[in-house]
Structure formats: structure tokens, C-alpha cells
Amino acid sequence: MIAIQIENLTKTFNKLIAVDNISLSINSGEVFGLLGPNGAGKTTTIAMLSTTLKPTSGHASVNGFDILKNEDDVRKSIGIVFQDQSLDEELTAYENMDFHGRLYRVPKKVRQTKIIELLKLVELDLKKDLLVKTFSGGMRRRLEIARGLLHEPKILFLDEPTLGLDPQTRNSLWEYIQKLNTEKGITIILTTHYMDEADRLCGRVAIIDKGKIVALDTPEKLKEEIGGEVITIKSPERDRLYSKLNELPWVNRAEHHDDSVTINLENAEKHVVDIVNLASSNGIAIGSISVHKPTLEDVFLHFTGKTMREEEFSTKDKMRMIHKMMGR
Amino acid sequence: MDIVYAIWLRNIKRYLRSKSRIVGSLGMPIFFLLVVGLGLNSVVSLPGMEQGYIGFIIPGIISMSVLFTSVFSGIQIIWDKQFGFLKETLVAPVSRLEIMLGQTFGGATTSVIQGLIILVISLFIGLEINSIAGFLIAFVFMLLIGLSFTAFGIAIASKMDDMHGFQLIMNFVIFPIFGLSGALFPITSLPPWVKFIAMLDPLTYGVEGIRYGLLGTSQINPIFSFIVLTGFTVFMVGIGAYLFRKINA
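Top to bottom, those sequences are chains A and B.
Once you know that position 171 of the first sequence is 171 in the numbering used here, the rest is easy, because the numbers rise by one and skip nothing.
Once you know that position 122 of the second sequence is 122 in the numbering used here, the rest is easy, because the numbers rise by one and skip nothing.
The reader is advised that the hints may include incorrect statements.
What the hints assert, rightly or not - Here are the simulated DSS-like cross-link-like pairs (lysine-lysine), alpha carbons at most 25 Å apart as the crow flies:
1) A:K212 with A:K306
2) A:K120 with A:K133
3) B:K19 with A:K133
4) A:K128 with B:K13
5) A:K184 with A:K76
6) A:K244 with A:K234
7) A:K54 with B:K246
8) B:K195 with A:K127
Stated by the list, open to error - Covered stretches of chain B (in silico footprint by chain A; criterion: 3 or more residues with CB under 8 Å from a CB of chain A, positions within the stretch not fixed):
9) 6-19
10) 64-77
Everything labelled a hint here was simulated from the structure, so no lab data went into it.
Heads up, the beta-carbon is just placed ideally off N, CA and C, and yes, glycines get one too.
Make the full structure from the sequences, and use the hints.
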């Protein structure tokens, strides 16, 4: 069954194209990742799918309901955890849940048992009567996830679920998310700009850059597409190193980013010595050399020609504009 | 109705929990009551007012308390916006109207409670309530002030992005509404052009209605006051609901 069907979805803010003609279909039971730098259009896409933002053009259906014609049915079918916190800090954890249950018209009896059950799931049942303002970042996130599940949605949206959390909390959150998917069979759509997060959690990922989907597959297949290994060389004289490396016969694809050059090839270990020799004979200083299997970061690099950091830098101003316009 | 109740309930819970807000917003009305009321009581004498000046301004100060609390309750939506909570309500499968009405009833309830606290304090400085009917009339007018000005606050909040404009609204809108309402002086003694402005001020009719309920006398026919204030309430709730429909989290 198809959980989400997106056809030519586009959103523009004045002249700025935030989401550019995206088409995509997500099956139920999937954990699907929208991966891309800040400002790539992930949050805008989720806002349109959750019917809080009208698309400029295109169609989408969520759980079989059209996002324009059946707004309320779409809203009932989804749970959503926003990028920024959306709890009432002056209320307790239980009261936040209770408020949500009332908003979604969950009957009182079901509500009461379900709240306790979900708070247990995220291990907050013992803190249910504490005000949310006393909670840590990780606890708040867990509470928001529990809250998003209270009305038994078929699809759960998680917008940057682990942003700003420490590694330990991230790990335990990942476990919750996996548990939700395997035990409850909920379709999960998460956006992230952490490559490791997408790699670990998602069955399939769509890599988004400047509002467009540039690649879509399982993390394994995407990495296989790059193949071999990746050598990353940091050097203060990046450009010189880059041009010298390009002259080598066994280098067919060298790229330069930030302060490093990457080469993608088979049996990379054997060529490390060649690179060092090349650098020293030309008097080029080398900061460090590393060899690793391709990650999603390399995949992103491969498809967009830029690292996530470079991309984020260039989209920062764009982001600010979107924020201003959305805030209106 | 469940949704309206849920949002009302949240407002009441937050209100009862913020002791400092309850006490803090009583400060100004009590200050007016004691300093202006008692201070001017012996030097100001109003024709036909056997309760003295302090008796005269008690309904005005009750209105003030309801006015300030209700506008503030409405404007609080800006905080919900800034702390992200508004998104939670806006993405739920409920209509904007339900959310807006819940907020309006919540704000009206808390502001009427604030008004009643002033009323109880007034009992100790000479206010006498002679009939249940009179009290109920005053109560209805307090409720109307509360509803209309919470809706007014929501309308403003729907148009504002942050709290920067709050002082501006307070100084150039809310204080003039209070000052021109006849809360502190009889409108019949005003120069004609000021009286004209006072008659345009919706709070005037609230103050006069409460005054009629509590003291049994007023300068404007209470039925006329009731009709004008009810009309204003319906109008304000309409405007508030219209603007809130377009709010973005």
C-alpha cells in the first residue's frame, strides 16, 4: 500500500523556489528519509504534506487523502514532530498529552490508558506530573514523539528529530524510532541533515538539494553507486594538489571541497603512497590523508558536487528569506 | 465544543499556575483604587453620588482590571507563536474558529476572575452590593468586556510577529480606551468634544453597565449600554476570528 504519493509538488515564496517539482511515492511501513542541507526544502515539503502550507502547484495524497481536498482526514492520519519544540512548558507532560488527545477527539477512556502506555514507551511515565519546563532536550523530544502517536496516526513525520541532542540521546531516540516502525508498523518520514542518522534508520532516502530530489534509493545502493573507496586529503594548498592529482593516470575523478580533495577509486590503500610521493616531490604540504568506504556524505557530494557544509553556507541567506516570509 | 473546552481548560490551568501574574496584574487597579480613590475621595464631590468618589470609581477600576487582563490574554497567542506551541494546535484536525473561541472564552474567564477579585477587595473599602440582580448585571457586563477585549487582543496578536509592539498597543490603544471610558470621571461633566470621543469608546458602556449594577445609577441607560457592548463583542469576535484564520505559526 502506498502511504504517500507526491506528484510534481512545487512551492515558491515570491520568486524563490523552495520545493521544485518533486515526485515521490512512499510505501506504508517504510522508514523514509528526506536528506539534505538546511534550506533544501525538507521542512517546506513536510509542511505541505501536513496541510499547513498550500503548494503552489502539484498534488499529493497522504494515507489516500488529497492534501488539498481532504485536509482534516490527512491531519487525522498523521502525527508530526516539528523541528522546533512545540510543547506547552507551563503544563505537565500528562497535560500536554491530554490536550493533544482532546484536540484529536480521542475518547476519554482510551485517552487515559493510551497516554500512560505511550509515556511508558518513551520512559517518561514516572515524570508525567512534572512541568515540561523542567525537562531536558531529549525528554522533550521523547514527549513530543509520544504525543504525536496518541491519536494512532498511520504516518509519523519527524522533522530533524535529533537536532541539537547529545550523541547518547540521539542513539536512544533512534532505538525508539526503530521500535515504533517494527512493533507498531507506523510509516515514518524523517528529515535530517545528519548522514549517519539517515544511514542507520532509513530504508530509503531521497537526497534533496535546492528543492530538487537528486537521488532516491536505499542507502546501500546509493553508496554502491559510488563504489570502491574514497580518499580524502586535507592540504593548505588544495588547488595545486588538485591540479597535480588530476594529471595522474589512475585518478579519474578528483573533487575539491572546503580545504580537502577527494578521490574515488578501487583499492585506495595502494595509492596512498603515490599521493604522498606526488605531494612531496612538488613541495605540497599535506595535513592528513584518510581512506574510507563511501558514506552518504560522499553520495551527496557525488550528486551535488558540493559538501553539505558548503551547500548549507550558500543556502543560509535563502533560509532567512523563507523564515521571514513564513513568519508573516 | 470539546475543542473549545480543551483550549479553555489549558488557559485556565496556565492562569491558575501563574501566581505572579495574578498578583502582578492586581497591582495597578489596587493602586488606582487606593491612591486615586481614597486620595480624591474627600476633595471630589459628585452631584447625586452618595457613595462618594471612591464608590464612583470602583466600577471603573473593575472594568480596568477586566480590560487589561483580557487584552493581555488575547495577546498571549504571540507567546504561543514564539514558543512553538501554536503549531501544535494549528496542525490538528480542528477549525481555526474553534481554537479562537476557546482562547476567547479562556481569556474572558480569567479576566472576569480578576475583576471579581477587585470587586471583593472593594467590599472592604465601602462597596455595598444591595441586590443579587445588581451583581448579576455587573457580572454580565464584565463578561462582555472580557470577551470583546480578549478577541481584540487575539486580533492584534494575529497581526504581530513578536512582543515588540506590545508597549505601543498598551500606551496608544489600551490606556486611552481606559482613560476615555468614564471610569475615573462622569462623562456628563466633560467638554462636548471629549464627551463625543468617550461615547465612541466601547468600554464606556461597560463601565456604565457595571456602575448601574453595583450602584444603581448610571449616566447611560443600561439597556442601551448592553446593546452597544453586545454589538461590539459580536463585532470584535468576528474580526478576531477573521484575522486568526490567517495566522501563521
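Next on the checklist: Of the numbered hints stated earlier in the document, which are not met by this structure?
Outcome noted: Of the numbered hints, 8 and 10 do not hold.
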